[in-house]
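As numbered in the working numbering, residues 1056 to 1155 make up the sequence shown, in order.
Hints were generated in silico from the structure; no laboratory data involved. Please note that a few of the clues may not be correct.
With a straight-line Cα cutoff of 25 Å, these simulated SDA-like cross-link-like pairs (lysine to any residue) come out [claimed, not checked]:
(1) Lys1134 to Ser1103
(2) Lys1085 to Ala1112
(3) Lys1085 to Ala1155
(4) Lys1056 to Val1067
(5) Lys1056 to Glu1124
(6) Lys1134 to Arg1061
(7) Lys1085 to Ser1072
(8) Lys1056 to Asp1150
(9) Lys1056 to Leu1122
(10) Lys1085 to Met1071
(11) Lys1085 to Arg1064
(12) Lys1056 to Ala1155
(13) Lys1056 to Ala1070
(14) Lys1134 to Ala1058
(15) Lys1056 to Asn1084
(16) Lys1085 to Asp1116
(17) Lys1056 to Met1068
(18) Lys1134 to Asp1150
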Amino acid sequence: KVAQQRARRQLVMGAMSPGLRAEVTMEVNKTWISRVSFLQQFLTEAASSDSGRHYRAFIADVSQHMLTEVHAQADTVGKPQTLFIVSCGLVTQNDRLLRA
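Please model the complete structure; the sequences and the hints are all you need to start from.
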């Protein structure tokens, strides 16, 4: 069911103009982006800065490259230079237990 929804979403997104696609993906992913402190700063600058369009363009680009992954318990997750956002579950990092 989730795979079907994702396929439909991809089909609709593919039919949009690049500008509209950027706005929609940014809005869809805004919840996740606002929870990452580094990216939250960009959202703030986008709303209040004279050069806000550059910040919005950066956030839109990040949003368009976000992927959904599902992992089983005890899976090893992680790649260098990759941001992972855990929406549900537990993860360890540097011998620390983190909870989503």
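Starting from lysine 1056, check that the Cα of glutamate 1124 is at most 25 Å away, please.
holds, 15 Å
Would you check the hint for lysine 1134 and serine 1103, treating anything up to 25 Å between C-alpha atoms as holding?
The given pair, whose Cα atoms are some 33 Å apart, is violated under the 25 Å limit.
Quick one, are lysine 1085 and methionine 1071 close enough, alpha carbons at most 25 Å?
holds, 19 Å
Given hint valine 1067 paired with lysine 1056 - CA-CA distance at most 25 Å
Holds - the C-alpha atoms of valine 1067 and lysine 1056 are around 17 Å apart, at most 25 Å.
Under the criterion that the straight-line Cα-Cα distance not exceed 25 Å, is the pair lysine 1056, asparagine 1084 satisfied?
OK: lysine 1056 and asparagine 1084 at ~20 Å, within 25 Å.
Run the distance test for lysine 1056 versus alanine 1155: straight-line Cα separation, threshold 25 Å.
holds, 24 Å
Straight-line Cα separation of lysine 1056 and methionine 1068 no greater than 25 Å?
Given pair lysine 1056, methionine 1068 holds - Cα atoms ~18 Å apart, limit 25 Å.
Lysine 1134 and alanine 1058 were given as a pair; does the straight-line alpha-carbon distance stay at or below 25 Å?
This hinted pair holds, its Cα atoms lying about 24 Å apart.
Proposed proximity, alanine 1070 with lysine 1056 (alpha carbon, max 25 Å):
holds, 22 Å
Are the Cα positions of lysine 1056 and aspartate 1150 separated by 25 Å at most?
violated, 36 Å
Does lysine 1134 pair with arginine 1061 here, judged by a C-alpha cut-off of 25 Å?
The hint holds at about 24 Å.
Decide if the proposed pair is consistent with the structure: lysine 1056 and leucine 1122, CA atoms, cutoff 25 Å inclusive.
The given pair, whose Cα atoms are some 17 Å apart, holds under the 25 Å limit.
In summary, the numbered hints that this structure violates are 1, 8.
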